[in-house]
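There are 2 protein chains.
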Amino acid sequence: MSTRTDEERAREQLIDLAAEFYDQFAGGQIPEMTLPTRTKSNIEYDKESGVWVYGDRTSSRSANSVRGARKLLKAVYTIEFLAQQLDEGRSSTLRELYYLSESWDNSEAHFSDQDESNQLIEDLEIVSDVTREDFHMRPEESGATLMGPLLLREQTRRGEREIHCQEDVGEGGYQIPNNPDTIEFLDNDIDFVLCVETGGMRDRLIENGFDEQYNCMVVHLKGQPARATRRIIKRLHDELDLPVTVFCDGDPWSYRIYGSVAYGSIKSAHLSEYLATPEAEYIGIQPQDIVDYDLPTDPLSDSDINALESELTDPRYQTDYWEEQIELQLEIGKKAEQQALASRGLDFVTETYLPERLDAMDVI
Amino acid sequence: MSTRTDEERAREQLIDLAAEFYDQFAGGQIPEMTLPTRTKSNIEYDKESGVWVYGDRTSSRSANSVRGARKLLKAVYTIEFLAQQLDEGRSSTLRELYYLSESWDNSEAHFSDQDESNQLIEDLEIVSDVTREDFHMRPEESGATLMGPLLLREQTRRGEREIHCQEDVGEGGYQIPNNPDTIEFLDNDIDFVLCVETGGMRDRLIENGFDEQYNCMVVHLKGQPARATRRIIKRLHDELDLPVTVFCDGDPWSYRIYGSVAYGSIKSAHLSEYLATPEAEYIGIQPQDIVDYDLPTDPLSDSDINALESELTDPRYQTDYWEEQIELQLEIGKKAEQQALASRGLDFVTETYLPERLDAMDVI
Numbered sequence: 221m222s223t224r225t226d227e228e229r230a231r232e233q234l235i236d237l238a239a240e241f242y243d244q245f246a247g248g249q250i251p252e253m254t255l256p257t258r259t260k261s262n263i264e265y266d267k268e269s270g271v272w273v274y275g276d277r278t279s280s281r282s283a284n285s286v287r288g289a290r291k292l293l294k295a296v297y298t299i300e301f302l303a304q305q306l307d308e309g310r311s312s313t314l315r316e317l318y319y320l321s322e323s324w325d326n327s328e329a330h331f332s333d334q335d336e337s338n339q340l341i342e343d344l345e346i347v348s349d350v351t352r353e354d355f356h357m358r359p360e361e362s363g364a365t366l367m368g369p370l371l372l373r374e375q376t377r378r379g380e381r382e383i384h385c386q387e388d389v390g391e392g393g394y395q396i397p398n399n400p401d402t403i404e405f406l407d408n409d410i411d412f413v414l415c416v417e418t419g420g421m422r423d424r425l426i427e428n429g430f431d432e433q434y435n436c437m438v439v440h441l442k443g444q445p446a447r448a449t450r451r452i453i454k455r456l457h458d459e460l461d462l463p464v465t466v467f468c469d470g471d472p473w474s475y476r477i478y479g480s481v482a483y484g485s486i487k488s489a490h491l492s493e494y495l496a497t498p499e500a501e502y503i504g505i506q507p508q509d510i511v512d513y514d515l516p517t518d519p520l521s522d523s524d525i526n527a528l529e530s531e532l533t534d535p536r537y538q539t540d541y542w543e544e545q546i547e548l549q550l551e552i553g554k555k556a557e558q559q560a561l562a563s564r565g566l567d568f569v570t571e572t573y574l575p576e577r578l579d580a581m582d583v584i
Numbered sequence: 221m222s223t224r225t226d227e228e229r230a231r232e233q234l235i236d237l238a239a240e241f242y243d244q245f246a247g248g249q250i251p252e253m254t255l256p257t258r259t260k261s262n263i264e265y266d267k268e269s270g271v272w273v274y275g276d277r278t279s280s281r282s283a284n285s286v287r288g289a290r291k292l293l294k295a296v297y298t299i300e301f302l303a304q305q306l307d308e309g310r311s312s313t314l315r316e317l318y319y320l321s322e323s324w325d326n327s328e329a330h331f332s333d334q335d336e337s338n339q340l341i342e343d344l345e346i347v348s349d350v351t352r353e354d355f356h357m358r359p360e361e362s363g364a365t366l367m368g369p370l371l372l373r374e375q376t377r378r379g380e381r382e383i384h385c386q387e388d389v390g391e392g393g394y395q396i397p398n399n400p401d402t403i404e405f406l407d408n409d410i411d412f413v414l415c416v417e418t419g420g421m422r423d424r425l426i427e428n429g430f431d432e433q434y435n436c437m438v439v440h441l442k443g444q445p446a447r448a449t450r451r452i453i454k455r456l457h458d459e460l461d462l463p464v465t466v467f468c469d470g471d472p473w474s475y476r477i478y479g480s481v482a483y484g485s486i487k488s489a490h491l492s493e494y495l496a497t498p499e500a501e502y503i504g505i506q507p508q509d510i511v512d513y514d515l516p517t518d519p520l521s522d523s524d525i526n527a528l529e530s531e532l533t534d535p536r537y538q539t540d541y542w543e544e545q546i547e548l549q550l551e552i553g554k555k556a557e558q559q560a561l562a563s564r565g566l567d568f569v570t571e572t573y574l575p576e577r578l579d580a581m582d583v584i
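Going down the list, the sequences are from chains A and B.
Throughout, the working numbering is defined as the position within the first sequence, counted from one, plus 220.
Throughout, the working numbering is defined as the position within the second sequence, counted from one, plus 220.
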């Protein structure tokens with residue numbers, strides 16, 4: 221739960237950071253900020269937490285160059301803005317921050333593009349150990365939905381709302397808010413969580429009543445999942461002790477969607493413990509399914525092949541399971557979408573495919 | 221409201237179409253299907269309805285060639301599938317239809333790609349005068365949301381749900397279902413509808429309580445709006461007699477978003493009376509706003525300039541207002557996003573910009 225205390229802590233951590241620059245100055249040192257190097261070669265598996273985290277290599281932003289000094293100036297202005305925002309209990313988007321910098325009195329502090337302001341917020345997350353959500357920075361879109369036997373309470377700016385994610389929502393489901401830590405789980409009959417990549421498949425499962433028949437929480441991923449979506453999946457797993465399964469298209473881009481749910485991403489490796497669910501299991505579409513169920517396919521493109529080969533060297537996919545599946549896929553040269561299961565009829569996915577896979581995975 | 225009667229009518233219209241092919245055969249004629257030509261030059265303004273519709277030019281799909289015969293064969297298989305789907309009270313996605321064709325016994329009837337099946341569904345909409353929604357064909361994604369003082373009743377497969385779009389939803393709002401004709405408006409305090417292009421701006425308006433302060437229904441367009449979103453905007457206008465305003469970025473692509481809300485699109489000109497709200501007014505960002513409010517801008521790219529020039533020849537934008545604004549934009553060579561208003565502070569949009577524009581437009 222996001223509380224007043226979280227906001228105070230976030231504010232304090234930010235002020236501490238600014239105070240550190242001040243002390244460096246006062247002590248005759250050139251101010252600097254040290255960060256882990258954020259590249260694929262500096263991400264490593266942490267056995268204890270089961271997720272991928274940054275390694276030991278660091279890079280620093282130092283005021284010993286005009287470029288570095290300007291970066292620290294921008295950081296200080298941003299810290300002041302965030303501290304004030306938290307003080308007022310308000311929030312803003314990453315894009316608004318970029319534009320807002322135009323109103324700052326020192327034009328050297330204006331961001332030159334949104335990549336720069338986005339990256340600064342990520343830097344501040346890493347050095348302050350506070351998530352963007354606790355800074356009250358919203359993404360542009362969240363947009364994914366839940367449908368399943370869960371009663372929750374959401375703390376909104378307009379008061380508390382108690383919502384049952386089957387009985388109190390329309391067919392569109394419950395819209396996950398930007399910061400899902402405003403949600404408290406009150407009661408549930410969920411047996412497992414099923415994360416679904418595409419809207420078409422999500423709608424198929426709801427129409428066929430899969431969530432009701434299997435006491436399943438259907439989480440729509442909407443392609444590469446937003447942080448809010450990954451966070452709520454993790455909370456469903458950790459707090460309600462639920463198995464989490466991921467159902468995507470059978471192509472390298474979809475394996476990355478699974479990867480970001482399970483292991484986190486390179487961009488957000490500092491947040492793996494907050495966002496990643498390493499126990500999440502991949503249901504399919506697996507390359508093996510393409511063979512077993514004789515699904516309609518498309519040939520792998522050159523960029524598909526490159527992506528599969530790059531996954532073979534990605535530490536997140538160096539397991540027997542993924543090596544076997546990816547090598548099989550390169551061998552057959554084919555990919556299939558989840559909706560390709562419709563070639564066996566509209567009920568095949570809910571009556572045959574998912575029950576067989578969930579049984580094989582010991583989920584049901 | 222979508223009712224059993226709508227489904228029966230849709231089914232009858234489809235069967236009639238198949239019967240027509242049969243009669244053509246029986247009468248010794250070569251079966252054919254005639255459709256309006258769907259190009260920009262065959263779209264014209266209909267004074268009575270105030271929207272753009274197809275002109276008089278037609279093209280026909282005739283069985284006098286193998287290619288044409290195959291198209292009609294696919295149409296007949298699709299009609300059979302749709303009639304059965306309606307009979308069983310089920311639905312499916314456009315993508316599922318494409319894959320499902322793989323299960324049809326005659327391999328000549330299999331679709332070769334999804335463009336082909338999508339286009340056939342549009343053809344069937346035109347010749348049968350039944351909307352895709354009444355065929356129970358769902359899009360892949362709908363996903364837009366409502367937030368505002370409206371109590372509605374949604375007819376779901378799981379029974380009726382009464383939902384107030386401020387009091388019974390989280391901060392994410394009410395998720396518009398794929399077929400919004402399953403919704404009935406029960407009660408409201410709405411003074412006007414504000415359609416918003418980006419998620420960041422939608423969240424800003426909700427955080428600032430704009431919907432509460434102005435009794436405004438905030439509809440998130442999510443970029444180019446889905447049919448479901450356009451349909452609910454039209455119903456809010458027609459049934460509740462509400463002014464509709466559209467708030468987008470200030471660039472040619474966003475003017476097209478406004479255009480599709482107000483006048484319909486070339487692709488769906490046959491549905492203009494069902495989807496378009498010709499009374500919808502454009503709030504901004506206008507090129508004039510870039511000048512008046514001194515907004516942060518980006519230079520127009522070559523493709524922006526081409527798009528603006530193409531809009532000047534598009535019948536939908538041949539009004540004094542649009543010609544003036546587009547010519548001004550070409551002159552200043554700049555574009556601005558709606559979130560650029562944040563350069564004047566986070567409350568500028570709700571305390572100054574929107575009230576001024578709504579007042580100038582006589583909406584408030």
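Hints should not be assumed to be uniformly reliable.
[As the list claims (entries may be wrong)] In silico DSS-like cross-links for lysine-lysine, where the CA-CA straight-line distance does not exceed 30 Å:
(1) A:LYS554 - B:LYS291
(2) A:LYS291 - A:LYS487
(3) A:LYS291 - B:LYS554
[As the list claims (entries may be wrong)] Label pairs and their in silico Cβ distance ranges:
(4) B:GLU529 - A:SER323: 28 to 36 Å
(5) B:ASN526 - A:ASP522: 27 to 35 Å
(6) B:MET581 - A:SER323: 23 to 31 Å
(7) A:ASN435 - B:GLU404: 29 to 37 Å
(8) A:HIS384 - B:ASP333: 55 to 63 Å
(9) B:THR533 - A:GLU240: 38 to 46 Å
(10) B:ASN526 - A:GLN444: 44 to 52 Å
(11) B:GLU529 - A:ASP514: 34 to 42 Å
(12) A:ILE486 - B:ASN526: 50 to 58 Å
(13) A:THR533 - B:SER327: 18 to 26 Å
(14) A:SER280 - B:ASP514: 49 to 57 Å
(15) B:SER521 - A:GLU551: 54 to 62 Å
(16) A:GLN304 - B:GLN334: 45 to 53 Å
For the record, the hints were derived by calculation from the structure and aren't laboratory data.
Heads up, the beta-carbon is just placed ideally off N, CA and C, and yes, glycines get one too.
Here is how each hint holds up against the structure:
1. A:LYS554 - B:LYS291: holds, 28 Å
2. A:LYS291 - A:LYS487: holds, 19 Å
3. A:LYS291 - B:LYS554: holds, 28 Å
4. B:GLU529 - A:SER323: 28 to 36 Å: Hint holds: Cβ distance 34 Å, inside 28 to 36 Å.
5. B:ASN526 - A:ASP522: 27 to 35 Å: This hint holds: roughly 30 Å between Cβ atoms.
6. B:MET581 - A:SER323: 23 to 31 Å: holds, 27 Å
7. A:ASN435 - B:GLU404: 29 to 37 Å: With a Cβ separation near 30 Å, A:ASN435 and B:GLU404 satisfy 29 to 37 Å, so the hint holds.
8. A:HIS384 - B:ASP333: 55 to 63 Å: Given about 41 Å between the Cβ atoms, the range is violated.
9. B:THR533 - A:GLU240: 38 to 46 Å: At roughly 59 Å between Cβ atoms, A:GLU240 and B:THR533 fall outside 38 to 46 Å, so the hint is violated.
10. B:ASN526 - A:GLN444: 44 to 52 Å: Given about 30 Å between the Cβ atoms, the range is violated.
11. B:GLU529 - A:ASP514: 34 to 42 Å: At 50 Å between Cβs, range violated.
12. A:ILE486 - B:ASN526: 50 to 58 Å: Since A:ILE486 and B:ASN526 have Cβ atoms about 37 Å apart, the given range 50 to 58 Å is violated.
13. A:THR533 - B:SER327: 18 to 26 Å: violated, 41 Å
14. A:SER280 - B:ASP514: 49 to 57 Å: With Cβ atoms ~38 Å apart, the hint is violated.
15. B:SER521 - A:GLU551: 54 to 62 Å: For B:SER521 and A:GLU551 the Cβ distance comes to about 43 Å; the hint is violated.
16. A:GLN304 - B:GLN334: 45 to 53 Å: holds, 50 Å
Consistency note: the structure conflicts with the earlier hints numbered 8, 9, 10, 11, 12, 13, 14 and 15.
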